[in-house]
Structure formats: structure tokens, C-alpha cells
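Participant: Letter by letter, the chains look like this.
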Amino acid sequence: MDLLQFLHYGLEILTFTNILWLVIGAVVGAILGALPGMSADTGLALFIPLTFGLDPITALISLGAIYVMASYGGNITAILINTPGTSDSFFMTFDGYPMTIRGEGLRAIGISTISAFIGGMIGTLALLSVAPPLAHVAVKFGPWELFLTRMLGIVIIVSLSKDKMLKGLLSACLGFLCSMIGMDRVSGIPRFVFGINQIYDEVPLLPVVLGLFAVSQVLTLVAEKSETIAIDKSAIQGSVFISFKDLMAMKVNNIRASIIGTIVGIIPGAGTTVAAGISYDLAKKTDPHPETFGKGNEQGLATVSAANNAVVGGSLVPLLTFGIPGNGTSALFLGGLYIHGLAPGIRLFTTNAEQVYGLFWGLIFAQFFILIIGLYGAPIYEKVTRVENNILIPLIGSICILGAFIFRYQAFDALVIVFFGIIGYYINKENIPIIPFVLAFILGKGTEMQLRRALLIMEGRFGSVFLRPLPLALLAINLLFLTSPFWGDIKKIITKNKKLAGR
Amino acid sequence: MDDKSTKKIFNYNYISVIFMYILGFIFLFATPSIKIAEARLFPYIISILTIASATLLLLKTYYHWGKKEDPVDFSGTLSALLMVVLLLVYIGAIATIGFYLATPFFLYISMWMLGQKNIKLIFAVSLLTPLAVYLFFDLLLKLQIPQGFFFS
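Residue numbers (the numbering used here), protein chains in the order written: chain A, 1 to 503; chain B, 504 to 655.
If you're looking for bench data, these hints aren't it; they were derived computationally from the structure. Check each hint, because a few of them may be wrong.
Anything over 10 Å on all C-beta distances counts as not near chain B; from chain A, calculated [said to hold, decoys possible]: (1) M458; (2) P469; (3) I477; (4) K492; (5) L500.
DEER-style ranges, computed between Cβ atoms [what the hints assert, rightly or not]: (6) A:L20 x B:H567: 34 to 44 Å; (7) A:Y338 x B:L544: 15 to 25 Å; (8) A:P469 x B:L531: 33 to 43 Å.
Since the structure is predicted, the reported quantities are computational estimates derived from the model, not experimental observations. Yeah, the Cβ is synthetic: ideal placement off N, Cα and C, and Gly gets one too.
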């Protein structure tokens, strides 16, 4: 695609409706990201029902804005009250909160905002330049490749935590089991319906997602009886604007962290915390005063902010090209794509080019909202964090139930969200990773279909996977990731055996 | 020795294992009834994998393999269950009397139950939320809000 065509798409999305929904998405995302206990996942899950009546392009723009802004919103509470709104903002507390204690809370917000803008922009531009050519690679994939690519997305997420790997596997199994309920896409016959007509087609995606992410959060907040931690007015003093000289002093860390964030974002499963961790470590090692890191170092704060927001653009690369969501939020984003009748891959960049390039423009515009909301929204943060949980919980509960009702206009779907809310609550409490479940549930039907197509073409021979180089390589990568958590242990055993043999 | 220190903490992994066994076996036994042979392959793979993973978790928990897990805290679950009951009643109420009538009651009761003391605030939120939903969902987005038997 040439630049003129891209600019043309940019001009096309500049309608009143699109801009209105971009603003709504940005504001809602910032608020939900800033509320401790809420997250980008909850925000997206709650927001998807609102987009039912919208054009796919408008829906994508607002969902993109939520994704970007919720990732940024968590920075605010991390800096001002030492409570990351999302787990992704954990590193932000290291230097952000010490700055607040020093009476530089607003300056910290300013640094974080500018760096998040730079990171977000670099991530989005990388998405724009990498995703379309990569999608052309995806078109060469046959059923085996598609099956193994989808499996790879799930395997990476399952293998993320060695200690919870077994629980992650069980979580993925549960997701696969749920995905198999309903009409078999190949033969058209119903499976595992158990006489429930409402799931004859499938277990509906949106109520499951709303239940797992939003209702479970409502139940967790009720159980924890958590008090609202309001921002102290004294933390919001001074100026949020930073000088050009200060900005230039941070340019190396900002650009480096943005590149790291983008690359880490592209790798499925690596996530924001990894990007922030690597960038922070590098910034600390290259700084002339590493001892000041963790005590309110501005470079440290800038690095983490840039890396965090660069991940958003990066994470959309494997999602839009291969349909592999790298984290929970992008898994929900994938759900949003499916609900609006869009599927990842080459067709998204050809047949649905208007929508996907509209999304890219939406992400670019959303970065500017980071600047506007970040630099001018300080008085609002204080009010947002003062909303008490005993008001917030019933409101979210009510929106969830309404979202389920308006999905297919069936009370059954509202019962589904409560059911999956209970499941999500138990999963959270039992420290079972929830993302493998969601990924397996979203990708399950497609994964099975590709496996069956592959077997059909190869006349049922499983061994055919070894006959072609690409499926073989993908299988090896799958196995590599599956065994990766145990490499350390294996190395230890080998070293121990060598030592014993040497005696 | 203190009784509390010697008291064995229940490991909730056993509940997860039982739940996954039940699900795994239900799917495994239901699979042969699928009429088309090809449509049985994936369910067989997944249900067997589920049972195998659950068995591994059972063994891991029983023999304390690997790193010790963080203790699981289910305190407050009773309050969460109360909220579940409230949500179920709310769903029933929406299906019968509609969203606009059911919501003020749900919001009022749940806010009060969760400890909100400011009655004026409770009233304001309970009444303004359905109004906001009407303006945003009904008028702006043209989405169909459940009306219940009074208005349909």
C-alpha cells in the first residue's frame, strides 16, 4: 500500500461518529486503567457490547483506543498512590511513586505521559510497517501450518510460568472443552449440547469473556472488601509539563525502550512486564548513577513508560497477521474482531483494508489522547480514584448483565456470564492462569478445523507433518516452548551427573 | 504445641482435579455418540489430555512435587456468593419486569449491602443509571434494552 492510499484511509475515518467513539474509548480506557482492580482486559470486555450497533471500523477504532488508553491509565495510580491500576504498570511504581513522595507527582505524570506517547507511536508505526508484509507470508500457510501456529499461541502462554504450567495446561483444556460445545464447523452436526438449545450453535464468546474478566472481578472485589485508595490532593501539585531539554535528555532511553517494547510485544506471550523489565535493566546498567534507580530516577520512569506502551502496537502484529494473541488483552481484542465478523490474516489487509487501516489510524490518534488526557486530566484522576468500590461494583455488575442481555436478547446469556464469573473467580483465587482458557476457547474451533483439514488432505496420516519443512519447523518451535521452562532443571541434572561421573 | 500451627491447610488443587475429572469423563463418554467419526478425534484428544493433566496435578499435589505453591485465600467467598444470588435475582427481574424497573432496586440493594451509607448517593446512582442507559444505549446506540412484560 502506498502512502497516499494510507492517508486516504486516514481522511476517511475522520467522521463525527468515529471521532466520538474514539474519544469515548479513550476516556473509558483511561478511567478503567486508572482504577485499581480494573484493567485493560475488564475495560475491553465491558466495552465490546457497546460496540454491537456500530460499524466494524468504528468499533475497532474505539476498542483500539481502549486498549491503548487502559495500558496507559494504569501508570497514573502506580505513580500517585503506589498501586498499579494494571499489573503491567508494576515497574512504574519503582521510580514514579518515590517522585510523588518527593512532591513531584505531576512531573512524574508528565514524564510518563510523554514517554508513553513516544513508545505508543513507535509501536504503532512498527505495526503499520511489519504487519501487512507479514500477512502475505500467512497466506502461504496450509492447514498444518495454521494448526501449528494456533497451537503455538496457546503453548507459549501455557509455558510462560513453569510453576503454574500444569494449571495452565488444565486451563487450556477447559477452554478447548468449552470451544467444542455446539455445532461442528466441518460436518454441521451438534456436539456436547446436552439438550440445551441455546448452545446448539456454540457457547457464546462475549458472555464467556464478560463473565471471566468482568463478573469475576466484581466477585473478587466483593470478597476482598477492598477499600478505595484515593489520591491525596497534595500529590497533584506543580507542573505536568517538562522542558524540551529534559525531554532530549531522555531520548536515548525512550527510543531504546520503545524498540524493545515493540519487539517484545511481537513475541507472543512475552508481554509488558518482560519489556519493562529488560528496558529498565538496560537503562540502569547504562546510567552514570544506577544507585538512584528505584528512588525516583526520571530515566527509569521514562524507560518503563515507553516500553509499556510500545508493547500494544507490537502485540497486534501476530494478532492481526496470524491470529495469535500475545496476551489477555489482545485475546479479548481478537474476540472483538470475530464478533464484528473480521478474521485475522491476509483478508484483513485486502478485503477489509478499510477497517484495519482505520484501526491503525485510530491507534495513532489514541496516542495523542495519551498526551491530552495525561497532561490535562490531572484534576480528574483525583476524582476518579475517589469513586468508592461499593458504587463501582454494582454499576459494573449491572453493565455486565445488560451487555449479556443485548448480545442475543436471551436471558440465558446473562446466566452464562454469572456461571463463567464464578469459574473466573475460582480460577483467580486458585492461582490458575486464565489466559490459556480464553485463548483455547477463542482459537479452539479454528484449531480443530485446521487439524481436520490437514488430516483430510493427507488422508488421515499424522506423519505427514514431518514431510514438509515449515510444519516441521513449527512443530519443533512448539516443542521448544513447551519444554523451555525445564531447560534450567535439565542443565542442572546434566551438570550434576557429569560431576558424579568425574569423581 | 499450638493446634493452629499443626492444622493442615486444605489444598484446593483437589477441588480443581475433581472438577476437571468430572468434565473430562463427561466429554470422553459423550464423544462416542457423535455420529461422524472425524468429529470425534479432537474431543478424544482433548478429553484424554484433560484427564491426564488432572492426574498429573493430583500426583503433584499429593506428593508435593516442585516449588511450594502460595496459599489460597478464599475468605470473603460468602459475600461473593451473596452477590451471585443478587445477580441471579436481578437477571430474573430484568426478564420479567425489564431493565429500567429492575436496575434501581438492584443498585440500591447491592450498594447498601456493600456498605454504602450515603442514602442520597444511593438514590441518585440508582435512578440516574437507568436514565444514562436509556440515553446512551436506547437513544444513541439504538440497542434494544429488555423491557419486561410491562412495556413489551
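Participant: Each hint should be assessed against the structure and marked as holding or not.
Facilitator: Hint check:
1. M458: holds, 13 Å
2. P469: holds, 25 Å
3. I477: holds, 20 Å
4. K492: K492 of chain A is indeed farther than 10 Å from all Cβ atoms of chain B, at 14 Å.
5. L500: holds, 23 Å
6. A:L20 x B:H567: 34 to 44 Å: At roughly 57 Å between Cβ atoms, H567 of chain B and L20 of chain A fall outside 34 to 44 Å, so the hint is violated.
7. A:Y338 x B:L544: 15 to 25 Å: With Cβ atoms ~24 Å apart, the hint holds.
8. A:P469 x B:L531: 33 to 43 Å: Since the Cβ atoms of P469 of chain A and L531 of chain B sit about 36 Å apart, the hinted range of 33 to 43 Å holds.
Of the numbered hints given earlier, the model fails hint 6 alone.
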